[in-house]
Amino acid sequence: MARDLDRQRQFTRRALLIGGGQAALLTALAGRLYYLQVIESERYLTLADDNRINLRLIAPARGRILDRHGCPLAINRQEFRVILTAEQAGDIDATLDALAALIPLSEADRRRALRDIARQRRFLPVTVRDDLGWDDVARIEVNALDLPGIAVEEGQSREYPYGERLSHVLGYVGPVSEAEAGESDPLLQLPGFRIGKSGVEKTYEASLRGIGGTSQVEVNAVGRPIRELDRNDAQSGADLTLALDLDLQEVAVKSLGDESGAAVALDIATGEVLAMASTPGYDPAAFNRGLTAEEWKALTSDPKAPLANKAIAGLYAPGSTFKPVVALAALERGVITPATRVFCPGDFRLGNAVFHCWRRRGHGSLALHDALAQSCDCYFYEAARRVGVDRIAAMGERLGLGVKLGIDLPHERRGLLPTQQWKAARGQAWTTGETVITGIGQGYVLATPLQLAMMAARIANGRAAPVPRLVHDATLAEHVGLREEAADLGLDPAHLKVIRDGMNAVVNGANGTARGAAIRVPGMEMAGKTGTSQVRRITSSERKSGVIKNEHLPWERRDHALFIGFAPVANPRYAAAVVVEHGGAGSKVAAPVGRDILLKAQQLEALRVAGTDAAGSPPRRLSQG
Amino acid sequence: MIYGQTLDHRQPKLTDKLRRVPWLFILALCACSGVGIAMLYSAAGGSMEPWAVRQLVRFAAALTILLAVAVSDIRLWLRLAYPLYGAALILLVVVDVAGFIGMGAQRWIDLGIINLQPSEVMKIALVLALARYFHRLGSEDLARPWRLILPALMIIAPVALVMKQPDLGTAMMLLAGGAALFFAAGVRLWMFAAVGATGLAALPVAWQLLHDYQRQRVLTFLDPESDPLGSGYHILQSKIALGSGGLFGKGYLQGTQSHLNFLPEKQTDFIFTMLAEEFGLLGSMVVLGLYAIILAYCLAIAISARSQFSRLLAFGIAVTFFLYVFINMAMVMGLIPVVGIPLPLISYGGTATVSLMLGFGLVMCVCVHRDVAIPRHSTGDEP
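Note that the protein sequences, when read in sequence, are chains A and B. Under this note's numbering, read the first sequence as residues 4 to 628, first letter to last. Under this note's numbering, read the second sequence as residues 76 to 458, first letter to last.
Heads up, some of the hints might be wrong.
Stretch by stretch, here's where chain B covers chain A in the computed footprint (C-beta under 8 Å, at least three residues) [as the list claims (entries may be wrong)]: (1) 36 to 50; (2) 454 to 463.
Covered stretches of chain B (in silico footprint by chain A; criterion: 3 or more residues with CB under 8 Å from a CB of chain A, positions within the stretch not fixed) [said to hold, decoys possible]: (3) 97 to 104; (4) 148 to 154; (5) 160 to 167; (6) 340 to 347; (7) 403 to 413.
Label pairs and their calculated CB-CB ranges [as the list claims (entries may be wrong)]: (8) A:8 x B:221: 40 to 50 Å; (9) B:123 x A:26: 35 to 45 Å; (10) A:59 x B:371: 28 to 38 Å; (11) A:231 x B:271: 28 to 38 Å; (12) A:296 x B:120: 51 to 61 Å; (13) B:121 x A:138: 51 to 61 Å; (14) A:38 x B:294: 17 to 27 Å.
Hints were generated in silico from the structure; no laboratory data involved. The beta-carbon is built from N, C-alpha and C at its ideal position, and this holds for glycine as well.
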């Protein structure tokens, strides 16, 4: 008991000793707090104000886009923009008023700035206006003291020197949308950052964008940078060289003129796209700047659909340009030979149905060569009937129709090659009449101009089927997973020769439908096939009273004019396809465009060969702008 | 020896027990936790998610545990002392083997619903085990050094395991807490002197055993301003935030330094900095005062208890609590190196809150049973 009491006393002594020690230490903490929070308070308050070590993201310069000869098609221009940091501004409305007194500031700019401020955290800057002139910059800098939270930032804006002539190929850049902001790249959070929204700007976004840098900046209480503590430079995006030839593109756009249409030129050997025009175009800079509601409405309600890239997303009945497909299918199947003759009285009867040839008085008896040259409908009605729609579809697919070709552009469309199964899937039986109408590229069959150009290239090439691509650098093309080159087409060379000869006769024959558009430069002659596809049904009563001429129809009911071709005939290097929406006869409207493109492609090549030989230097640009 | 004395070692009735629970003490604990939840709301930028709401649930659960422990039989804990210690030790080994990496160190075991931090459990288990051991030692035993080998090993084993994680702060806490219990139990002063001298001599060896980042922390602690963007960054930023709070603070939710993310871990280790920035010296003193009240309660209960086990238990919990408070606060004020020790009852953390409240439950259990004598050789099994 005594011992236990001893123990208790000793414990009490020692516990109190330690308790006292603890009290002393807690007092020391209180003293330290007093020192930090009262005696040194001023100093730390100042430090806290200075204490804005910001990690700033440095936007990389976007890679340029060049044509195949290095001519810049999309470039970056240095620009100044005025930014506002809400936290530092205090009264935002007053600050914006003060700013508006110095530089022109539209109501839309103001609304956008206020909306952005409301959306994000207050210490992040928002862009109030970009593309400032030197005068504006100077006025803001001089009055900087009266504009809290306002700063001028140097940045780069995207420019497209060739504007709407290349809008569909290049696409445009625009602000990051909310869906896109989910991507992990911190650059996307950067105010005012632009990413590719369409065209190759979108397809090659990853390599064009570059890698962001960082800068650790010490800034003072009003956000003025004091010094840079650490810097990690941004890595510019890689330049992108397109296969496109600017000179050829200019010719294609010019030749299409004011028409609504599309033209595509391909290098037969490589599948490279040398020109891709879709008219009318749009101004890509407007998208970068931000469209007004009226501009947007005008663009979307225009019947000529300026926003769509008709070369890859426009679907057209191929009309007579489809006839080589029907012929090749029939030849391969053996239901016709090059010597098979069909009599054309001007119409083709199947049961009670009557199918008309475009030439009302008929072509008489003709074989495949002449049937192609004169585009006799009756011949191909018969050929289609004999071979059947499924084999036509199979041949069409081999030649590049009805499938996505895998071009390096977004929004490519498949088109349509109807089959019996396709119709059955819709709960209807296929009829022979539909096969017959498919024989002249009407009915359900739909193709894009790119597919038609590819078809021309494969007919001209025969050996293998190239994949179309816009980018010149093969290594880059692999990044976006372009389709592997398809195997040999497996077509009988003799059959191909008949088709090519027929297409030669279309242009260069005495009775060819496109003889008016022939190239008369020796060695540069082209072969081709015209097409005129109906977009309306011609009733029997109209046929009796005489088919109304296109010129007398409203624009949107006129026929589409089509042309496919390749050149030179002897040793094909280039293929082209042209569609002019509601243009009328293919031979009159589309073929001349095809001729211009195919001729120019050969002339450019000849000039470059000559230039290299003469000067021994790399080829120079032939024209500017 | 004390059998048959007038001392009562029957169990008091539950109603008596509840009357003896120090409710003012519990109020102080609730006040502390209330402050903590308010600060977690601020740390999340003025939102109950993700921390405040979870901490509230945990505190409620911990309070229930505290009350259950407070009215439980004190001899139950005497009996459970070694098994609990053994379990905590096994958990520490498991964390080494199967624990996952969190905060750059292995400290957690995933139990499905909660992530258990065994080192927090060990802080309480060690106090129980040492109190149990010294309970049965007479003063003549304390003079014999070999009698102290076992309790010394009881400290060294968890310290070594925690160091390996590596968690320097917790290791120091266990060591200091153990030493305080040795002292309070009546271990001769010359033995402390001897161990202290040996420890000093072993310091260079210990330095070699430290991780690079731990050495770096000690070094930058000595001169934090030398490397304002490196390891000294946290200390400097914490001092700036604290100091800029001034006398009355910047106001609730208005701490610029904390909310601009100059502070690391503002919901756990650096929560006091945010509190001091937003509420100034006034607020920090209130918190310090609450802690002092809790400590005083624990010590008073320890001194008034009638068995050595109860005394040492309550005292050990008090020391553990004090170490939490002191290490965390001294760290954020730049008085000692940055070590990962949370501020008790205020920081976000499940295991720490629950194990601390369990500890306070034990202190209250001691208070409730302060008149219950436990024989020296009792194992806690007899009625």
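Taking a Cβ-to-Cβ distance below 8 Å as contact, does the region 36 to 50 of chain A have at least three residues touching chain B? This one holds; 11 residues, not fewer than the three required, reach chain B with a Cβ under 8 Å.
For the region 403 to 413 of chain B, count the residues whose Cβ lies under 8 Å from any Cβ of chain A; is that count three or more? holds (count 4)
Closer than 8 Å Cβ to Cβ for three or more residues is the test here. Does the region 454 to 463 of chain A pass it with chain B? violated (count 0)
Within 8 Å of chain A (C-beta), three or more residues of the region 148 to 154 of chain B: violated (count 0)
Whether the CB-CB distance between residue 123 of chain B and residue 26 of chain A falls inside 35 to 45 Å: 36 Å, holds
With 51 to 61 Å as the target window, see if residue 296 of chain A and residue 120 of chain B comply at their CB atoms. 36 Å, violated
Taking a Cβ-Cβ distance under 8 Å as contact, does the region 97 to 104 of chain B have three or more residues in contact with chain A? Result for this restraint: violated, n = 0.
Are there three or more residues in the region 340 to 347 of chain B whose C-beta lies within less than 8 Å of some C-beta in chain A? violated (count 0)
Claimed coverage, the region 160 to 167 of chain B by chain A - three or more beta carbons nearer than 8 Å: With 0 residues close enough to chain A, the hint is violated.
Could one say that the CB atoms of residue 38 of chain A and residue 294 of chain B fall in the range 17 to 27 Å? The hint (17 to 27 Å, Cβ to Cβ) holds, given that residue 38 of chain A and residue 294 of chain B are roughly 23 Å apart.
Lying within 28 to 38 Å: is that true of the beta-carbon distance residue 59 of chain A to residue 371 of chain B? Between residue 59 of chain A and residue 371 of chain B, where Cβ atoms are some 51 Å apart, the hint is violated.
I want to verify a distance hint. Is the separation of the beta carbons of residue 121 of chain B and residue 138 of chain A within 51 to 61 Å? For residue 138 of chain A against residue 121 of chain B, whose Cβ atoms are near 44 Å apart, the range 51 to 61 Å is violated.
Hints 2, 3, 4, 5, 6, 8, 10, 11, 12 and 13, counting from the list given before, are not met by this structure.
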